[in-house]
Amino acid sequence: MTGFIGRNLRPKGFSTWKALLGVALPIVLLWPGIGVCAAVSADSEACVGCHTTVTPGIVADWAKSGHARVSPQEAAGKGTLERMVSFEKPPEKLGGNSVGCAECHTLNPDAHKDTVEHQGYRIHAVVSPSDCAVCHPAERNQYNENLMAHAYANLTANSLYEDLKNSINGVQTMEKGKLEAHSSDLATDQDSCLACHGTVVEVTGSVSRSTDMGDMEFPVLTGWPNQGVGRINPDGSKGSCASCHPRHQFSIETARKPSTCSQCHKGPDVPAYKVYSVSKHGNLYASLEKDWNFKGVPWVVGKDFTAPTCAACHMSLVVGPEGQVISERSHGAADRLPWRIFGLIYAHAHPKSPETSIIRNAEGLPLPTSLTGKPATDFLIDAAEQGKRKARMEKTCLSCHSQSWVDGHFARFENTLQVTDAMTLTATKLVMTAWEKGLAKGPALKDSVFNEAIEKKWVEQWLFYANSTRFSAAMSGADYGVFANGRWSMSKNVRDMQDWLDSRPGGARK
Amino acid sequence: MTGFIGRNLRPKGFSTWKALLGVALPIVLLWPGIGVCAAVSADSEACVGCHTTVTPGIVADWAKSGHARVSPQEAAGKGTLERMVSFEKPPEKLGGNSVGCAECHTLNPDAHKDTVEHQGYRIHAVVSPSDCAVCHPAERNQYNENLMAHAYANLTANSLYEDLKNSINGVQTMEKGKLEAHSSDLATDQDSCLACHGTVVEVTGSVSRSTDMGDMEFPVLTGWPNQGVGRINPDGSKGSCASCHPRHQFSIETARKPSTCSQCHKGPDVPAYKVYSVSKHGNLYASLEKDWNFKGVPWVVGKDFTAPTCAACHMSLVVGPEGQVISERSHGAADRLPWRIFGLIYAHAHPKSPETSIIRNAEGLPLPTSLTGKPATDFLIDAAEQGKRKARMEKTCLSCHSQSWVDGHFARFENTLQVTDAMTLTATKLVMTAWEKGLAKGPALKDSVFNEAIEKKWVEQWLFYANSTRFSAAMSGADYGVFANGRWSMSKNVRDMQDWLDSRPGGARK
Amino acid sequence: MTGFIGRNLRPKGFSTWKALLGVALPIVLLWPGIGVCAAVSADSEACVGCHTTVTPGIVADWAKSGHARVSPQEAAGKGTLERMVSFEKPPEKLGGNSVGCAECHTLNPDAHKDTVEHQGYRIHAVVSPSDCAVCHPAERNQYNENLMAHAYANLTANSLYEDLKNSINGVQTMEKGKLEAHSSDLATDQDSCLACHGTVVEVTGSVSRSTDMGDMEFPVLTGWPNQGVGRINPDGSKGSCASCHPRHQFSIETARKPSTCSQCHKGPDVPAYKVYSVSKHGNLYASLEKDWNFKGVPWVVGKDFTAPTCAACHMSLVVGPEGQVISERSHGAADRLPWRIFGLIYAHAHPKSPETSIIRNAEGLPLPTSLTGKPATDFLIDAAEQGKRKARMEKTCLSCHSQSWVDGHFARFENTLQVTDAMTLTATKLVMTAWEKGLAKGPALKDSVFNEAIEKKWVEQWLFYANSTRFSAAMSGADYGVFANGRWSMSKNVRDMQDWLDSRPGGARK
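Protein sequences appear in the order of chains P, U and A.
If you count by my numbering, then the first sequence holds residues 1 to 510, one letter each, in order.
If you count by my numbering, then the second sequence holds residues 1 to 510, one letter each, in order.
If you count by my numbering, then the third sequence holds residues 1 to 510, one letter each, in order.
By construction, these hints were calculated from the structure, which means they are not laboratory data.
Remember, predicted model here, so these are calculated numbers, not experimental data.
Take every hint as true, because none was put in to throw you off.
No distinction is drawn between identical chains; accordingly, a pair holds when it is met within one copy or between any pair of copies.
Derived lysine to aspartate or glutamate pairs resembling EDC-like cross-links, with alpha carbons at most 16 Å apart: (1) Lys-290 x Glu-253; (2) Lys-280 x Glu-253; (3) Lys-388 x Glu-328; (4) Lys-429 x Glu-175; (5) Lys-457 x Asp-499; (6) Lys-64 x Glu-289; (7) Lys-352 x Asp-382; (8) Lys-374 x Glu-363; (9) Lys-457 x Asp-496; (10) Lys-395 x Asp-212; (11) Lys-446 x Glu-162; (12) Lys-441 x Asp-499; (13) Lys-352 x Glu-385; (14) Lys-93 x Glu-74; (15) Lys-178 x Asp-499; (16) Lys-64 x Asp-291; (17) Lys-295 x Glu-253; (18) Lys-113 x Glu-202; (19) Lys-178 x Asp-502.
So here's chain P without its partners, still in its complex pose (with noise of 0.2 Å):
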């Protein structure tokens, strides 16, 4: 029926999607260099009929995805390692058709609670991670335990990072000559930490609108637009794969380059992109990236790709050149990283449990680690998962580099995060003595530690210059551990710190 109605909605669209994709006669074509191209199923027919005119630019580019030419049941039967799906057998409700909108956008109409009906169909607008796991169930479990997919609790439900996201975000007015700070509304948090983060995107209403096809029904979400990678979703689900393979043509190579994770990782709180550009394996990919495979399953170190991309070491399956397994493929992106080096005060073992708001340091608060460094061991890796984590990660390396090199490397990166956590303490040491002295108002007082000008000096100190450092000993990144908010940030902002306690009243020195 509903193919049927589909067919009654044809516009003068139709054709131009078919060709574009070059299917849907009666039999299946050859796509050059792609092998055979799947079929489109009647309800994804009609769902192409209307949008390629009312929204032409995605049907085009689900027309250039691999869900529009390889079927599921096509790469069921690819090899272990060619295979970009990951169930036990295709669905079978799909025969040898592709992955068209309606296979994604019908799936569980119960469980979304974005489900409206449209034009015959139970359709909703947020294909969730859910969704994408009844062909990629293994990277959504993968996903599941990756701090990533918690990112929405693990600021909003941490009582110490609500109160920096407040100091921030929140507008601050002069009231009688003085600050006055206010809370942040959640429009601003959407458009700022969330924006990475993830909102919730929740049902709260449903709007008319009247449209070439007539007046329909659209569901009102809060939350939306948004791609974040711990977007909370009207399933109940968390997450969205688009943050790395962004709709609608869901490219494996878009998720292998690095400007992808440049989008929540340039900043100069998590500088890594950054860092990497100027690392030289960021200059090989600059300089000759033009002829590398980004498409090749699995990916084949120093054939497909000369210098290693962020995925090539955090995520990605590589094998040698005759299929030798180095690295397993991997949603958790801290599964070959030992240390945490980024967003919290001191370097650390990374988390037990993806969701962080549960860790509680020392002194009670929800931190990897006391103010002056001690870490929550209970709540972190042990040393010997560390070791596992990082000898993962080195297989990588090995590829290209000897093992003295690669000892090398990191007995430098270590030593680097011993000596930001020391340039970190320093600047904790000065800020505790403006809170003793009465110069600024500290925890004693219950006031938060984020909202006055020598507090802020001090988060910069670990937010910006140690993390920038951080990572510039991770990938080689020279001067965003010196001069670019590196060592020369973290020792100037000291000597400004002395500086500023030095010239008040009752100061540290006269």
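Got chain P sorted already, so can you dock chains U and A onto it with the hints?
Frame of chain P; chains U and A shown alone:
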């Protein structure tokens, strides 16, 4: 006669450029993938004869251009959407010839004050929008209504901006233990602000140089070189098409790519390029653009490109796969923009006239709002016009996004305008407090509002941080609205300003 | 014998690398588009036999290199301009073989203190410029005269720079409420300054590791890994060709692309890459480089590239379309530079010797100018030599620009040198005032001039802001001379310094 001179002067380079271009044989040639290649006029042949040796880079670049390959006559024969010319009919004088050196550099010799006798020709170095308008009159006319065309006077005829410019560019010396400010010198202005805003290019004399072809006379030009958007040309016209269509390939590919805009739109005052780079659009561009078609006219959404560049949203003719026009080409950069979000103290409706130095606010200052944010309504477009411009912008968005997506995006953007304006007002009240308490010299004392330490913090609040946050909201480039000169910086800056006031004798709070 | 061992050790990876390379058949093969592919020596065959499995990335990368494809014998037969080797005649020992692993890693075993016995060979890990000089002696000799080759000692043998380094990299602790500075540790220096300047690589012992091939001995190296431009190698040579020609593809394409230079030239102290990126040259590169030819030797202006990269202006052999030489290849980066514009307090004529720690200014300090800007003339090139270098640079400019264009450009540049020097002098006078009034401890008290808050502001004036402004003038990257660490920052910084002085008891102005 000129052709004859050209032939007489023909050096050994002559055959080289023909090889580059593959033309100038008795019959026109087929250019693979381009079509028939146009013939070169005898005059241009003369130019190229020498300049292949004298300036080989220019000649080779031109040989790759559309100007070398498609004659205006041929261009005139194309369909409305495919045409890259906007004349009623092609210049008769050209016949079927291509657009070569002589066709542009000898135009309107009497209007051009930089015209000189050169090897028997009356040529000028500074090709201007009036020259380009022989074939591209619509583009010139649109551009004349663009703020950019007036960027020179918008800066220099605005007394406040002139003061800001002097406070930045002027040398400050130490005189008897005190800083003394000087006005900026012209070469410095040309090397800084006017690089983008445009210089005044005037002939001040002539100079003789000995060349391989003997002694020659050349005009001496002020403000040269320059490719600023508001350049004042020797023929009195404004702007430089080469700002975005750089010489001598004039590739539409260059104008459509975001790097071109970065020349003037990457700094902390207007970080459009940076924000785009970390947006999902920018991510997709970086990872997939090598497979996009940047030369197709008209430009087909989805098929030719997956995600928009600056040009796609702000200027380009964009069509759907069936040729339906989604957005009309416009060289007025604000035609799809309801709000002006940078360069001024508060966000405001776009000015009615592209000449902004005529604007007066409630205080009589040449600003679109008062110091506390009240808009100079008489000089700004009204809500109806804002609605029209927003609708134009949304047309492009809707090629790939639903109405809910677009509505959600713009609701957040407009909320962010309010929040950044509120945070700017707070900074303004802080600097006003400094003026009132005599801690800084303000307008009441007829002193510059840009020259003292506390005033410069105030400037950074709006010129850097509020702007960056607004751009981030406009294009979803999250961290430029948070830690990369965004809300973090706004919230820290007002605390630093308060701290400064507090630590001064007679400051706001003791 | 070595070949025999190689064959004995040959694992299953053996056939793979042959497939990658397409060689080592009894007869040499035709490589499409490259020509005859050279044979691999028996020694290198032995290396590759194991290393295809052990370090597959290296082997695959080398297989794509010119070294793998063109034998020195064949290279010797090319024309003067086409040659990428500079020996008198090719090394006889190689016969017609390609340059494989053994050809470089077994050279000069006695000179290499890092030589070890490895599977019957005497190999060394650290291939040095002296090794490369077997085929590329002219390049090594030019490079030895380059400041970069001496970057290690230029930093570490200069007492002032050593002090600056310690003030940045040394941990500062809080002792009794006061900051206490410590000297930096070696691992930190290697992770920061020396990453670019180069480390000292020395053998300190050996280590045994169990491998798939049994237990093996490896040397323990200090300062490893490192690819800094002034690396001190175990054979006593200086530099690392891999800084710009990274292993093991050694692609000229990489050295010609600007990203490669960004590794060391992107930070706020030397923002050359950033400035280039927003220049018209950089814009054209970003939009059109995919169509340029980065492999052609010689490099033809206009035909192979439309706009110059770093290499084109500073180092490359550039010719016109008829093969006329426009610029000679040089590995001396200052050969086309009259002025040194970064890293020091004032702009100055380039040093005569690439060893700069020998320089003494009027005050006896190892600086090319006095603190107030007087040049240490005896150690700097004179006006005539400056003129020669400028003329060399202009030759490239004139390929695409007229003499008026070039003259106008350089006049502005030299004006900007004067203005930035004047603004630096003002900052110097401010810090001197602080020293005089006892508000900071300066040279008169034998204290560091880099360690106090006000001194660090002074450093930023020249090391960041004046430098950035000069680079912007040199390459027309406007905002790096205005709001992005340019004139805005210079003018603000002196006001902040004045403000600091004013607010101190006994400051300059009350």
